[in-house]
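Going down the list, the sequences are from chains A and B. Add 618 to the 1-based position in the first sequence for my numbering, that's all there is to it. Add 1 to the 1-based position in the second sequence for my numbering, that's all there is to it.
Take these hints with a grain of salt, some might be off.
Pairs of lysine-lysine, DSSO-like flavour, derived with a Cα cap of 30 Å [as the list claims (entries may be wrong)]:
id : chain 1 : residue 1 : chain 2 : residue 2
1  : A       : Lys801    : A       : Lys644
2  : A       : Lys801    : A       : Lys915
3  : B       : Lys159    : B       : Lys42
4  : B       : Lys42     : A       : Lys952
5  : B       : Lys267    : A       : Lys731
6  : A       : Lys801    : A       : Lys820
7  : B       : Lys267    : A       : Lys744
8  : A       : Lys915    : A       : Lys773
9  : A       : Lys915    : A       : Lys731
10 : B       : Lys267    : B       : Lys320
11 : A       : Lys731    : B       : Lys320
12 : A       : Lys731    : B       : Lys42
13 : B       : Lys135    : B       : Lys159
14 : B       : Lys150    : B       : Lys135
15 : A       : Lys644    : A       : Lys943
Just a sample of chain B residues kept apart from chain A, beta carbon distances all over 12 Å, derived [to be verified]:
id : residue
16 : Pro81
17 : Ile117
18 : Glu124
19 : Ala156
20 : Phe161
21 : Gln179
22 : Thr210
If you're looking for bench data, these hints aren't it; they were derived computationally from the structure. Quick reminder that beta carbons are idealized off the backbone N, C-alpha and C, glycines included.
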Amino acid sequence: MKFVNEFRDPLLAQQLVEQIRSLVSKRWTLMDICGGQTHSLLRYGIEDALSDYVELIHGPGCPVCVTPSKAIDDAQQLSILPGVILASFGDMLRVPGSRESLLSARARGGRVKFVYSPLDAVQFAKNNPDAQVVFFAVGFETTAPATALAVLQAKRLQLTNFSLLVSHVRVLPAMEALMLSPKHSIEGFLAAGHVCTITGYKSYDAFADRFRVPVVVTGFEPLDLLRGILEALRQLENGHPNVINCYSRSARREGNLVAQEMLSQVYEVVDCDWRGFGIIESGGLRLRDEFADFDAKLRFGLSNESKRNAPELCLSAEVMSGQIKPPQCPFFGKQCTPDSPLGAPMVSSEGACSAYMRYRSYVVSIECAS
Amino acid sequence: MNPINNLLNEAKTLYLTCPSESTAKDVVLLAQGEGGRLMRKFIHERIVPILGTSTIEDAVRIPNGAGELAITTDSYVVSPLFFPGGDMGSLAVNGTVNDLAVAGAEALCITLGLIIEEGLPFEILDRILQSVAKAARECGVAVVAGDTKVVPRGAADKLFINTTGVGRFRSQTHLSCQSIQEGDILLVSGPIGQHGVAVLAARENLRLTPEPQSDCAALHHACAALLDALGGDLRAMRDATRGGVSAVLHEWSEASHSSMKLDESKIPVSPEVRGVCELLGLDPLYVANEGTFVAAVAPASVDLAIEVLQSHRVSGSAKAIGCVLRRQSSPVVIERMLGVLQPVDEPSGSPLPRIC
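Isolated chain A, as found in the complex (with noise of 0.2 Å):
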C-alpha cells in the first residue's frame, strides 16, 4: 500500500536500528509526545529493540486521556436529556466518567451516536430538525479544524440544533509544563507530526532554547519513528539540540494556514483542565463569543465550574508525564483492565496502558515449532 509499506520495510528498519545502536554513547531518554507513535513503538518492537539505548518514555498526547471526567460527565448528562443526541467520535465511548462512560449511558437509555467526522454530526443534525445535536469536541490541534469547520458549516445552514461540547487541548503548553516540572528527565523530544502538519513548528525553536532540548517532528511508522529517533540522539550526543523536520511528506514549517486561520476564527486560546495534570496555562481551547450559539455548555446551562473531583485512583498524571510506565502502576493489569478501566489511558485507542496492554501485557519468549 502506497506511503505504508514503504514505511515498513524489515531492512531498513533493522539498518536504522544498528545505527542508533552503534551512534549512542549513554542511554538517553527519549519522550514521544503523540499516544498513535506510542502504539507504534510498542507494536513493531521498536522499544524492545532499543532498550538498551534509549530510554521511550511516553507523552501526554492521547487526546482521549487528557479530557477531564468533567467533560465526560457534561457528555453523560446531555446524552440523557430528552431531545438531545450527543454525537462523538467513537474513542470516548468506553472512557470512564466519575459516573460512568458514554457506553454505559447509551445502554441505559442515553443517545449516544458516533460518527468518524464532526461534519456528519451536522449533516445529521440538518437532517433531524426535531432533535439538539451536541457534538463531543475532543482532540487536539489535529481534530481542531475539523470542529471549527463543523461549526462554519452549520452556521452557515442556520442550523439552531447543532452545538459542540468543547474539550480541545493545545500540545505545545503541556510540553512546557512538563519541563517545567521538577520531576522531569526528559532529554528530547519526538513531536507529533499530525499536530505539527496542523500547527508548523516554527513555535517550536523558542521552546528547545529555553528549555535546550532537541524537537524532531516525527510520523507514526516504523521507519519515521526510527529515523526521529535517530536524529534526536545525534542531536544530544552533537550537544547542538535543535527543531529538525523528519516528516516532511507531511509537516510544514508554516503548517497548514487555511486551518490555522479557521482555528483561530472560531476557537480562543484559554487555560484548561487536564485530565491528571490540572490546570495548564493556554492548555486549552474554548468557542469565540462571536460562536457563543454553538457552545452546549451555554444552550443546556452546564456548569463551567470544574469541581473537584473525587481523587481518582488512575495514576494516569504519573503515566502521561513519563514518570512511571504503564506496568509500574500498581493496579495495572490488576484493579485496571480494558474490560473495568480506572481511567482513559486503559481504553483509548490511542492510550499509553492500553499499548502496553495490547502488545506487552504478557511475557512473550516462545519460538515456533514449524
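Given chain A, work out where chain B should sit, using these hints.
For chain B alone, kept in the frame of chain A given last:
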C-alpha cells in the same frame, strides 16, 4: 511512606466504591453481543448456566439411531440490510450453513424466524426473502419451518432473522477445537476482515473506492472437501465471524490448552480492508468475516489442505498463517516486523474508530 503505598492504601478504601467501571451491572451492554471477551463471559456466565447447555462448538451431535445429526442456531441483526457483497438474507442462510460446515456437517434443512419492525416496506422484505431462497438453493438446503413476528416501530430495527440449521455429520471424524495439538498448522481460507469493513463502510457511507466487498459466502463445499481429504489430520475449523480471527484463536487456545502463533506477513488482507483499517485505527484480526474460516491441520497435511482449499473459489487464496505451540503465558501471539513476538489481545467489544 512512598507515594505508591499511599495510593495503595487509598485504593483499599476507595476501590470498593469506585464508580468508574464501564461495564454496567444491571443492564445488558451492546458490547456483550459484539464478540470477544465480554460476549464470551456473558454467554458462559449468564446464558449458558440458565440454558443448562455445556457445548461451545458451532454445532452439537444429536444421538440418533440412523446416524448423528448436527444442529445450530444463529440470529442476524446486521445494519444496513443490504451491503456490498451480500444482504441479511444471504447472510442468514450462509452463516448457519457455515456453522454446520465448519463442524463437519452437511446442512439438511434450516428454519427461518423473522422479527419485523412494523412499517417495513414489502419491497425490502421481498428482496431479503428472495435472497434467502437463492442462497438456500445454492447450498442445497431446504427452509423447512418458519416463524414471523411483527413488533411495534422502534422495538426492532427493520428486520431481525433467526435461522436454525440441522445437518448430518459427514464422517466419524470428530472435529473439535479440543483436539488441536502442538505443532498443528493454522490456515485461513481467504483475505480477512472483508465483511466487517464492507458493512462499516456501507453503514457509515464512507464512500470508498474501490468499495470493500463482504466475503459473505457458503463454505460447505470447501469444508467438506477439506474434511474428506484430510480425515483425522483436520483438527478443527471455525468461521471467523464477530471478533474476527483473533476471537477464534483465543477460543481454540483455551479449549486446547495451547498457544496460537501467527506470522503477520503471511496473513492475507486486501488493500481496501488494509486501507480502511489503517485509516480508522482498526486491526483486521479483530474484524468480522462471513465467508472465511480458520482451520487447524496436522503438519504433514498442510500442502494437501492448501491444494484442496485453493481449488474452491471461496477459499482460492487459502494460506498457512501460523502454528500451534505448547501453552505459553500468552494464548495468541504474532510475529511482527523486526522479528518481535507480541501478544494478540482478545477483542473486547467491537473495535471503535480512533479520533485522529
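Now for the hints, and whether the structure bears them out:
The straight-line distance between the Cα atoms of lysine 801/A and lysine 644/A is roughly 20 Å, inside the 30 Å bound, and the hint therefore holds. The suggested pairing of lysine 801/A with lysine 915/A is violated, with an alpha-carbon distance near 36 Å, which exceeds 30 Å. Restraint check for lysine 159/B and lysine 42/B: satisfied, since their Cα atoms lie roughly 29 Å apart, inside the 30 Å limit. This hinted pair checks out: lysine 42/B and lysine 952/A have alpha carbons roughly 17 Å apart, not beyond 30 Å.
For a cut-off of 30 Å, the pair hint linking lysine 267/B to lysine 731/A is broken: about 36 Å separates their Cα positions. Between the alpha carbons of lysine 801/A and lysine 820/A the distance comes to roughly 27 Å, so the proposed pair stays at or under 30 Å and holds. This hinted pair does not check out: lysine 267/B and lysine 744/A have alpha carbons roughly 46 Å apart, beyond 30 Å. Taking the CA atoms of lysine 915/A and lysine 773/A, the gap is near 17 Å; set against the 30 Å cutoff, the hint holds.
As the CA atoms of lysine 915/A and lysine 731/A are separated by approximately 19 Å, the hinted pair is consistent with the 30 Å bound. Of the supplied pair hints, the one linking lysine 267/B and lysine 320/B holds, its CA atoms being roughly 7 Å apart against a limit of 30 Å. For the hint linking lysine 731/A to lysine 320/B, the alpha-carbon distance of about 38 Å lies beyond 30 Å, and the restraint is violated. Simply put, lysine 731/A and lysine 42/B have alpha-carbon atoms about 26 Å apart, close enough for the 30 Å limit, and the pair holds.
At roughly 21 Å between alpha-carbon atoms, lysine 135/B and lysine 159/B fall within 30 Å of each other, so this suggested pair holds. Straight-line distance between C-alpha atoms of lysine 150/B and lysine 135/B comes to about 22 Å, which keeps the hinted pair within the 30 Å bound. For the given pair, lysine 644/A sits about 20 Å from lysine 943/A by alpha-carbon distance, which is consistent with the 30 Å threshold. Residue placement check: proline 81/B keeps its beta carbon more than 12 Å from all beta carbons of chain A (closest about 16 Å).
For isoleucine 117/B, the shortest C-beta to C-beta distance to chain A comes to about 24 Å, beyond the 12 Å cut-off, and the non-interface label holds. Look at glutamate 124/B: its CB is around 22 Å from the nearest CB on chain A, clear of 12 Å, so calling it non-interface holds up. For alanine 156/B, the shortest C-beta to C-beta distance to chain A comes to about 14 Å, beyond the 12 Å cut-off, and the non-interface label holds. At roughly 19 Å from the closest C-beta of chain A, the C-beta of phenylalanine 161/B stays outside 12 Å, upholding its exclusion from the interface.
Remark: the non-interface label on glutamine 179/B is consistent with the geometry, its nearest Cβ contact in chain A lying 19 Å away (cut-off 12 Å). No Cβ of chain A comes within 12 Å of the Cβ of threonine 210/B; the nearest lies about 14 Å off, and the non-interface call holds.
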